[in-house]
Each structure stands twice: as structure tokens, then as C-alpha cells.
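Chemist: Given chain C, put chain F in place with the hints provided.
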Amino acid sequence: MPDLWQDAMDHAVAVAKKAGEIIRDALQNDMKVMCKSSSVDLVTKTDQKVEQLIIASVKEKFPEHGFIGEESVADGQPCVLSDSPTWIVDPVDGTTNFVHGYPFVAVCIGFAVNKKLEFGVVYSCIEDKMYTARRGKGAFCNGESLQVSDQKDINQSIIATEFGSDRDPEVVEKIFSNMRKILCLPVHGMRGAGSAAINMCLVASGCVEAYYEIGVHCWDVAAAAVIVEEAGGVLMDLEGGPMDLMSRRIIAANNKTIAERISKEIEAYPALRDDAPPGTTE
Amino acid sequence: MPLESHPLFLLGVTKGSSQSAPLRGEVRDRAVAAALRGGSMEDDTWAECQEVAVRIARTAGQMVQEAVNHEKSVSSKSTPTDLVTEADQQVEDLIISTLRERFPSHRFIGEESSAAGEKCVLTDSPTWIIDPIDGTCNFVHSFPMVAVSIGFAVKKELEFGVIYHCFDGTLYTARRGHGAFCNGVRLQVSKEKDVSKALILTEIGAKRDPNTLDIFLGNMKKLLSAPVHGVRIIGSSTLALCHVASGAAEAYYQYGLHCWDIAAAAVIIREAGGCVIDTTGGPLDLMSRRVVAAGSREIADYVVQQLQPINYGRDDHDP
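Protein sequence lines, in the order shown, are assigned to chains C and F.
Residue numbering for the first sequence follows our numbering, beginning at 1 and increasing consecutively.
Residue numbering for the second sequence follows our numbering, beginning at 1001 and increasing consecutively.
Next up, chain C with everything else stripped away, as it sits in the complex:
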């Protein structure tokens, strides 16, 4: 039976490649860096240009499809997932890295139908690593099959996380308190690439056992979520239930044992949902 969404996925890969070229070119030139919610929440013209490229190419080929993009939402577009086929896009995941030329920057294209994620494309464009996964068909990096780690012992794990861009002292305190709990288990180590999607692809690749974060957005995790699951991994909410794409928090792990241990150790705290009506505060 032909795959209804194969066309869309092929298009996602092609446009991610193009976007990657734009990002690599932009690294050679001077960059104008702007700030969104704070001095550490960065955005550049490249973020905006790449998102416009993706939206325009998707609208042309798939005029009926919906779209959730980081910069469009920043511009006031609603962030609501309907049943329609919907593209969920972060044009530049790891903008801080991009601004510095630190080589972990990804174009993320996720795709959902009936609110279910169908495929994901994450292009780590400086490393030239194209991660893809189609639900039910496995996960790949540059054509090679991906498989999560088989480690069940948390003490022999590497855990990835990020500090995010909220420097509110209370939030920072919670982030460090959670890090301390994980480090004290102990674990082999903790890592942070500076990109949620790339951290999740590291889980899918078997390089790290898990990634957790509070503060991510749906566009950071949608694409990589499919990749993790298709590589044999699991997704979970920080409090142990199923991952909620709009909840701003996630655990992505190689298996349920590791995921549950992390969920048990760390303290979840509320974050404003991506689909909260405009004007809502936490």
C-alpha cells in the first residue's frame, strides 16, 4: 500500500538540506543577533529566512496542510495542533550555538496527522548528519540504521539536558537541583549539545541513554520524537505519563527503566504550555 505521507517526507528532507546550506552560508558572514524574551533567548534573520523558505515550499506543494513554526508563533500565529496534516518546524534549533559557530545546529521538521506524529527530519547541518524516521519504518542517520543503547543500569548512563534560556533564579535553582540529583546517582556523565533535537538524536544513536528538559517547545521535539521511538526508544512526560507535545517538558530515553528512573529522581515544575491561549501566564 503506498505511503500517503512519503511525498511529504521526501519534501521535508529536500527542504531541510536546502535550509542547511543557508545556515552554513550564514555562518561565514556577520550575523545580526536579536533577543526575544531575554538577553539569552536569541534569534537571527537566518531563523526567520529559513522558516519562510520552509513555509513557502510546503504551502506550494501541500496547500491544505497546517503549519506550526517557531518564528511564526513568535510573530503571533496560534500554536494549536488540529487533526489536519501539520508541519511542526524549528528552522534553527540551537540558535545560540549558531550565533557562536558552535557546531550543533539543526533544522527540525516534524509532521503530524490526527495529532499523531508521522515522520521526523532533523538535519544537523554543520555536522552534515541527516536524521530521519517514518513511523513504523525505523530511524536513520545518513542512511545508516539507528538503535538506542541497551543499557538498563542508570549508574552506567550518560544523561543529556540543557539549561534553557530562562535565567529566573527560581528556575535556575530547580534546574541545578535536578542536575545534582542525577549526578549523585551517580551516572557516567552528563552532556548538553545546546540543541534539544540533537540531544534526542544522540539518544536515538545510542550515544547517550536519555535526555530530559523542561522548557522545550513542541517544534524542538516533534521531529526528534519520531526518530527516538523508531530507534527503539521511549518518550515520557517528566511525571511519568505519556509525552505531551505541548507541555514544554520531555524525557526521551533508550528504555522505560531508564526513563522511569529519571522521572523518579527529578522534580517537575510548571511551564507555560505551547497551546495556552494568548495572554495566559504560568
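Keep in mind the hints are simulated off the structure, nothing from the lab.
Just so we're clear, the structure is a prediction, and the values are computed from it rather than from any experiment.
Errors might be hidden in some of the hints.
List time: in silico DSSO-like cross-link candidates among lysine-lysine, alpha-carbon distance up to 30 Å [said to hold, decoys possible]:
| no. | chain 1 | residue 1 | chain 2 | residue 2 |
| --- | --- | --- | --- | --- |
| 1 | F | 1197 | C | 36 |
| 2 | F | 1197 | C | 32 |
| 3 | C | 36 | C | 18 |
| 4 | C | 18 | F | 1197 |
| 5 | C | 181 | F | 1221 |
| 6 | C | 152 | C | 61 |
| 7 | C | 152 | F | 1207 |
| 8 | F | 1072 | C | 129 |
| 9 | C | 45 | F | 1119 |
| 10 | C | 17 | C | 36 |
| 11 | F | 1222 | C | 36 |
| 12 | C | 174 | F | 1222 |
| 13 | C | 17 | C | 115 |
| 14 | F | 1156 | F | 1077 |
| 15 | F | 1191 | C | 32 |
| 16 | F | 1072 | C | 256 |
| 17 | C | 32 | F | 1119 |
| 18 | C | 45 | F | 1191 |
| 19 | F | 1072 | F | 1119 |
| 20 | F | 1207 | C | 264 |
| 21 | C | 129 | C | 45 |
| 22 | F | 1072 | C | 181 |
| 23 | C | 49 | F | 1197 |
| 24 | C | 264 | F | 1221 |
| 25 | F | 1119 | F | 1077 |
| 26 | C | 116 | C | 264 |
| 27 | C | 152 | C | 59 |
| 28 | F | 1197 | F | 1156 |
| 29 | F | 1077 | C | 152 |
| 30 | F | 1207 | C | 32 |
| 31 | C | 45 | C | 32 |
Modeler: Chain F in isolation, oriented as in the chain C frame:
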């Protein structure tokens, strides 16, 4: 440099040089090359050592690449998170035996030799300072962020450094006074002086007791809250230091690394225009197991001011 070392003297060109047998073949060619570069025969000798270092780093890197997909025999050293594998030992043996055969009078400081009880002391002799697999934990997890690091010191002064990223083939090199390069392209540190625009890298270190972790996390929290743009941990101190040299990050700090993690990278960062100092703000102490490196002195000083120390002892003390 002493007159007798000068290539033109050796060629018999300068006045007063004894008309000893003219230099022949390879030695003469090197003398001419050195004269044209304005260097001395001594400089040229170290250039040859650096060329050998590059070749052996690549060979060692290939060995690491091949080993990553095989069953690894893992044990721990000072703590349960301080890992070592057979590959670390094999790679170091390969590097040292190759270099020893070529340069029999030179001395060697290697991570695994030190672990086996060799003294870790820097004398005036030409000394190779080697980390065969930097990022062993990453290697154990098949996380492809692993490097071979080869530093070289003469009269206790770091002369050149070679760091080879085993998985993407990136080669970082620098020779004192001759610049720093990544795959042949000149390296330049970030000129950023404003810490609020800085990206800072660090590593956790092997100690995981609650007291140490509190200081480690406290240091990171202080820097993050400056605020800086971000803090990253990649699991390889040498590759992180190379990111400072390339300008991708503004600074690196760590307690708990070793002289073999610092030796090569220090030359690379300095030759790229950056500074490498002690965590107290004084000059780098290669054996002190701590470092601050940055593109600018301003950011280095800021980092120094935020840090509470963690004591890991010294590389040149008895365990």
C-alpha cells in the same frame, strides 16, 4: 640561538665558521629550509617531531575508530566514573613505541603509563605528553566525540600540540610562534570581551562526591547566571579547548583534568590568540590539574573570579 645551531653557520656561510664537512642530503635541505624561514636548526628539529606527531595521531585515531564498534573491556581508575579501556592502553603503547624508536633520547608522559606508576615529572629533556583517548567515557558509549592528544615540551616549555578528532578527522595543530591551524585553516579565538555574550565550556571531572558536586554546580550556576549565553559539556576536554581556539566558544574552565589534556591544547589556543592560565589567575601550571582558557583576558579574568576551587591534587605528586 647559539651560532653553532644556525643553519647558515652549518652551511659554512658565516665568517669564522670552521670549514667542517659540508652538510649533506636531508640534513642540508632542512638547514636551507630553516634558514629561509628564519628559524634555527633547533626549530626545524621540532618541526620534524610535529610531523611525526601528526602521522601517529592519525594512525592512532584510526585505531580508535575501529575499536569503538567492538566489545570494550572497561574498568575504572580513581572513581567509578573515571573509566579506562584496553584501547586506551593499546593506543598509548602504539604512540609511545613509535615515538621512542624514532627519538630514543626523548621522554614520555602518557596517561596510561602514569596510571601504571610511571612518574609524571617534566624535566628539561624533550618530552612528549600524551592522552591516547581523550573522552574515554564517550568512547565507551560510542559517542563519537573522542580525540588523540599529543603535546611536546622542551626545557619545560610547550613547543607544539597536535589534537586529532578520531571520528570526523579534524586535525588541530600549533607550533609555538607559527600559528594554530585546523585542517590547514588558520585558527582565531573569539575576540568577545563581554561575558554576557559568552559561550562557556567545561567538564565535570571524575569526583562525584556531594561536596565536590556542590562546588562544581555552584561554579556553573554562577557563570550561567552572569548571564552568559550558555554553558556546554561535551565529554572531551581537548576537543572543548579546541572549540575555544576556533572561536566557537569564548572560554573553558575545569578542575580535574591532567597535564596530558592541557599540553597540546594550550599551544593551540595561545597560537590562535587566546590565553591559558591557572584558575587563580596566575600563569598556567601544567601539573596543577586545573585550567582556565579563553579568547580574551577579560573573559578569562571574569571566569577566574567566579570560581571556587576543587582540589584534585597534582599530576607530579606521588598518588
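Chemist: Just to be careful, I want the Cα atoms of residue 17 of chain C and residue 36 of chain C compared with a cutoff of 30 Å; is the pair within it?
Modeler: This hinted pair holds, its Cα atoms lying about 26 Å apart.
Chemist: Are residue 1197 of chain F and residue 36 of chain C close enough, with their CA atoms no more than 30 Å apart?
Modeler: holds (15 Å)
Chemist: Is it true that the CA of residue 1197 of chain F sits at most 30 Å from the CA of residue 32 of chain C?
Modeler: Measuring from Cα to Cα gives roughly 13 Å; hence the hint holds.
Chemist: Under the criterion that the straight-line Cα-Cα distance not exceed 30 Å, is the pair residue 152 of chain C, residue 1207 of chain F satisfied?
Modeler: holds (23 Å)
Chemist: Starting from residue 152 of chain C, check that the Cα of residue 61 of chain C is at most 30 Å away, please.
Modeler: violated (44 Å)
Chemist: Quickly compare the C-alpha distance for residue 129 of chain C and residue 45 of chain C to 30 Å and report which way the hint goes.
Modeler: holds (23 Å)
Chemist: Is the straight-line distance between the alpha-carbon of residue 1072 of chain F and that of residue 256 of chain C 30 Å or less?
Modeler: holds (25 Å)
Chemist: Holds or violated: are the alpha carbons of residue 116 of chain C and residue 264 of chain C at most 30 Å from each other?
Modeler: Holds, because 27 Å separates the two Cα atoms, which is no more than 30 Å.
Chemist: What's the verdict on residue 1072 of chain F and residue 1119 of chain F, does the C-alpha distance respect the 30 Å limit or exceed it?
Modeler: Answer holds: residue 1072 of chain F to residue 1119 of chain F is near 27 Å, not above 30 Å.
Chemist: Is it true that the CA of residue 49 of chain C sits at most 30 Å from the CA of residue 1197 of chain F?
Modeler: holds (23 Å)
Chemist: When you check the alpha-carbon spacing of residue 264 of chain C and residue 1221 of chain F, does it fall within 30 Å?
Modeler: holds (24 Å)
Chemist: Given the hint that residue 152 of chain C pairs with residue 59 of chain C, test it: the Cα-Cα distance must not exceed 30 Å.
Modeler: violated (44 Å)
Violated hints for the displayed structure, listed by number in ascending order: 6, 9, 17, 27, 28 and 30.
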